[in-house]
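Asker: Could you put the whole structure together from the sequences, leaning on the hints where they help?
One-letter residues, chain by chain:
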Amino acid sequence: MTAPTGEHRVLGQPLDSREDPQLLRGEATYVADIDLPGTAHMAILGSTHAHARILDIGTKAAEAMPGVLKVATAQDFADVMPLPCIWIPGGVESHFPPHPYGLPGARPVLTGDTVRHVGDPIAVVVAETPREAAAALAALHVEYEPLPVVTRADEALAPGAPQLHEAVPGNLNAYWTCGDKDRTDAAIAAAEVTVELDLVNQRTVNSPIEPRGAVGHYDPATGDYTLYASTQGPHNHRFLLSALVLGIPFNKLRVIAPTVGGSFGTKGYLYPDMALVLLLSKELGRPVKWVDTRTGLMNSTVQGRDHRQHVTLAGTRDGRITAVRCTSWANLGAYPSTIGPGVATALMGRSITGMYQIDAAFCEVHAAFTNTVPLGAQRGSGRAEAAFLMERLVDRYAAEIGMDPAEVRRRNLVPAEKFPYANGLGWTYDSGNYRENFDKALELAGYADMPARKAEARTRGKRLGVGLATYVAVCGVGPSTRMSQEGMLGGTWESANIRVHPTGEVAVTVGSASTGQSHHTVFAQVAADEFGIDPAQVRVYQGDTLKAPYGQGTYGSRSYSMAAPAVALTARKIKAKMVRAGAVFLGVPEDRVVYADGRIHEAGNPANAKTFAELAMAMWYGWGLPPQIEPALDETTHFDPPDFNYPFGTHVAVVEVDELTGETEVVAYTAVDDAGNIGNPAIVRGQIEGSILHGLGQALMEAAVYDAEGRLLTSDLTRYALPRATDAPFFLLDKTVTPSPHNPLGAKGAGEIATVPPAAAVTNAVVDALSDLGVQHIDMPLTPEKVWRRLRGEDDQ
Amino acid sequence: MILTELDYVRPAGLDEALALLAGTRGARVLAGGQSLLPDLRSGADTARLLIDVRRLAELRGITRTGTGELRIGAATPLADLAADPEVLARAPELAAAARANGDPQVRNLGTAGGNLLAAGRPTDLPVAAIAAGARVELAGPGGRRTATAEELAAAGAPPGSILTALLVPATGPAAAFEKTADRATRYPVCAAAVRITADGVRVAVTGATARALRLRDVERRLAAGGDHSTEAVLAAFRAEPRSLFVPGPGTSAEYLGHLAGVLTARALARAAASA
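From first to last, the protein sequence lines stand for chains A and B.
Residue numbering for the first sequence follows the numbering used here, beginning at 1 and increasing consecutively.
Residue numbering for the second sequence follows the numbering used here, beginning at 798 and increasing consecutively.
Don't read these hints as lab results, they were simulated from the structure.
Below, computed lysine to aspartate or glutamate pairings styled on DMTMM-like, alpha-carbon distance capped at 20 Å: (1) A/LYS786 to B/GLU1051; (2) A/LYS282 to A/ASP219; (3) A/LYS462 to B/GLU1028; (4) A/LYS577 to A/ASP597; (5) A/LYS610 to A/ASP597; (6) A/LYS252 to A/ASP544.
Label-pair restraints from in silico Cβ distances: (7) B/ASP812 to A/PRO21: 45 to 53 Å; (8) B/ALA1070 to A/PHE731: 28 to 36 Å; (9) B/GLY820 to A/GLY58: 34 to 42 Å; (10) A/ASP113 to B/ASP1014: 53 to 61 Å; (11) B/ALA841 to A/PHE731: 36 to 44 Å; (12) B/ARG1039 to A/THR327: 39 to 47 Å.
Glycine is no exception: its CB is placed at the ideal position from the N, C-alpha and C atoms.
Answerer: See below:
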């Protein structure tokens, strides 16, 4: 497969996003905007205890309240199967709650016997209005018998810890490893220098602007179910819900994703509410609607990160890294989320060597269940935790041997001639020129000027610090067979259909579903560029399982390197057909037909030509076609790549720490990312800026804090700090371009990649600012008081 | 979603508003709604009747009184207060405090009076009003009266009364406001306001303390030492009882006391520079 050559007129151009005007004007239709005639409204009661037996749920008072149509508890859904888990730790023994098909189970649609986290859904009310449903919910009386609570993965694995699931002895979902333990241990034992860190990659709350919602509509006339949901993967959810939860024919369920207001990884999961609105719609004979609140989201929607790690790096005195080892305790929360166990193991563990050529590497993950909200992906997930530990270690190592951290990195980068490069942990990097990328970032950041800037800052009462972080982020999930070896219980290919209308307009329909990535704009660019037509002629459709070709959804920065290649390949199929049919229409042999600039013509005779629209009309009529050419222009491609793609980059954070208050300001942030060939640089720039801000959030302010009873203390946005526009640093952004050989566009993932290094870059910068005080590490978030205490020489360890 | 039923009325004048307030159980005054409405939605507060005073002419506008005060109508939006040339010149700590609130939408809706009365929320205006030596005008069933901003911060407005105006001595420009905003709420972790007058320095802090407070002991220590250097101000704050400062999530009393000193020192330096 080769990257495209020649002129691109549309692809690579910063066209305005088509979606933005309606999003900005509030005109887009989200789940909350869907009001089907006769809709009834559902409210969900979540457990107020993190771990307790439910002795009784008193429903009488709620049932008698005005407008109440139905109060249901777990007993009402005894026949419904639990949700499944479909990404398990690959290649190792693992333990899950049961599912009747022998699959790994996740959680029931309503919990009946024992609640395992605050927010665990235990009852629902359906009423005429949302207000009546909420009022009745408040009248439900639940009797709990509290059980001991555990909220940390390492503590959950200790002897005598409270047990969450009968089928999961000792709360251990899996012990998963990658790399070569013996070789790594030996290299560390023999090393000239070793450095170690204990890290807490704290749990963070995924915070899309739109909390989730679902509308279920059962049509008794046809027996068809329709689910409108804020989902990243409508086809996947259709399959999982129909076959593995509800036990209804696949043919009877349609899933529609309307506009989805952000996701960051949260909306690719199955949640109980999706099944509940469908079941209750059938029972009540009315559409049933549920829309979450912000606090509801924080106690129900998958959360991110949450690893505790002990990490070791070994190297020589002259700056060559010889080994890296990571032991991690991953907190999966109370139940496996749909893909959480895979995220916490393979996506993190195989990524820890990053951009560096390291002879010996080993990672082990103890994945455990605790009484917290289930863990899932969060933008950059796994790879961000990996980059954090590696980049913190490299800085510690540089300090230990007294070498400039930039020089240490430079000495260990995988050389450009080594690609494809097997990193020893299971990934084979497709392509890259890390040195070019690294040097470009340091140049852009003005790295050489930093000593002077540090001195100047001190005259203003500020300590200036510089932090580097590099990364490689596996993206483009992915090669289906390979993913099955990683424990994925499903396909991970992508698809596109293109239909050329008789007028020459084009409909592109994709199996993925945008949650804000401007698919309508970029996929139109891809098709228009392939066809050589105006992108205004192209419309993009997605998100409705009845209309879209099968696809696996939008996650892991995959759409531009998975769905867009399917669009390009489909356009090429149609162009080939246009050439074949064109030979007939032009009255020349096929090898004399040239497709160029959105039309065909006879080679050497441009006057003998048909425009795109003329061909489209001729194919619509089908007159004069030989039997071996079917009428119409309508093609579909299912794209399964040979391997993943590996975007990478170098980030440089410059911070100023206030000497009196400990406040940290990120005054400049340089990012040079390599996402291969880029379809729309304006959209990618938006993703990069948003990703960086997302990462700064974890570094400086975000933390999901659970108390000893398992209650999330940071359960709304007055307690959980998110970065805002005013927190955005001065961005210095550039790119390098190393096309991936694994798809016809040469594309690599982009949507989340810049979330991977900022936490490490900012932490490295703050530690740099305090390095003369002997500070070696500070746990995130780097709040002012924590930093202030270190400024005063106190130790927070 | 506000779960309880409530009525809404927009009275024609202040007298009607006062009558409604006196005669209706569960009646609440609504101005900008930036505190009350979130509390009604979350269930932290309840109301049966909202009396919307936002458009009452007698509650709006900024004027200079004969006694050299600025009279700021209680329903004046924070955005107007922050941008008013007279306020910027003669009570700059107040303008800065108004501007420190929320974001532009909040400042366009939120009012001076609402900000002063947002009980339970460490809003920005009270500390500036206290440092400025401001008074407030209250209309109630028994007529009109005034109280100091300090008294208002301590006791709130009497039941049945409506805050009609803020009266600010126009002695600026030697005054300043400094704030460290909470990352999540943008309310102050700590804010300090100072005003330098012929009688000396007035210092007030909020956020770090249970409510907006004038710190007379700090003022006395600074006056006695005659030294406004950062070290001197920090020392003046270290002498305060630790219990004055109320720890929050991730912030100890020790740190808050220190931060209050730093912000006060910075405010003093700016106030002195603009004098």
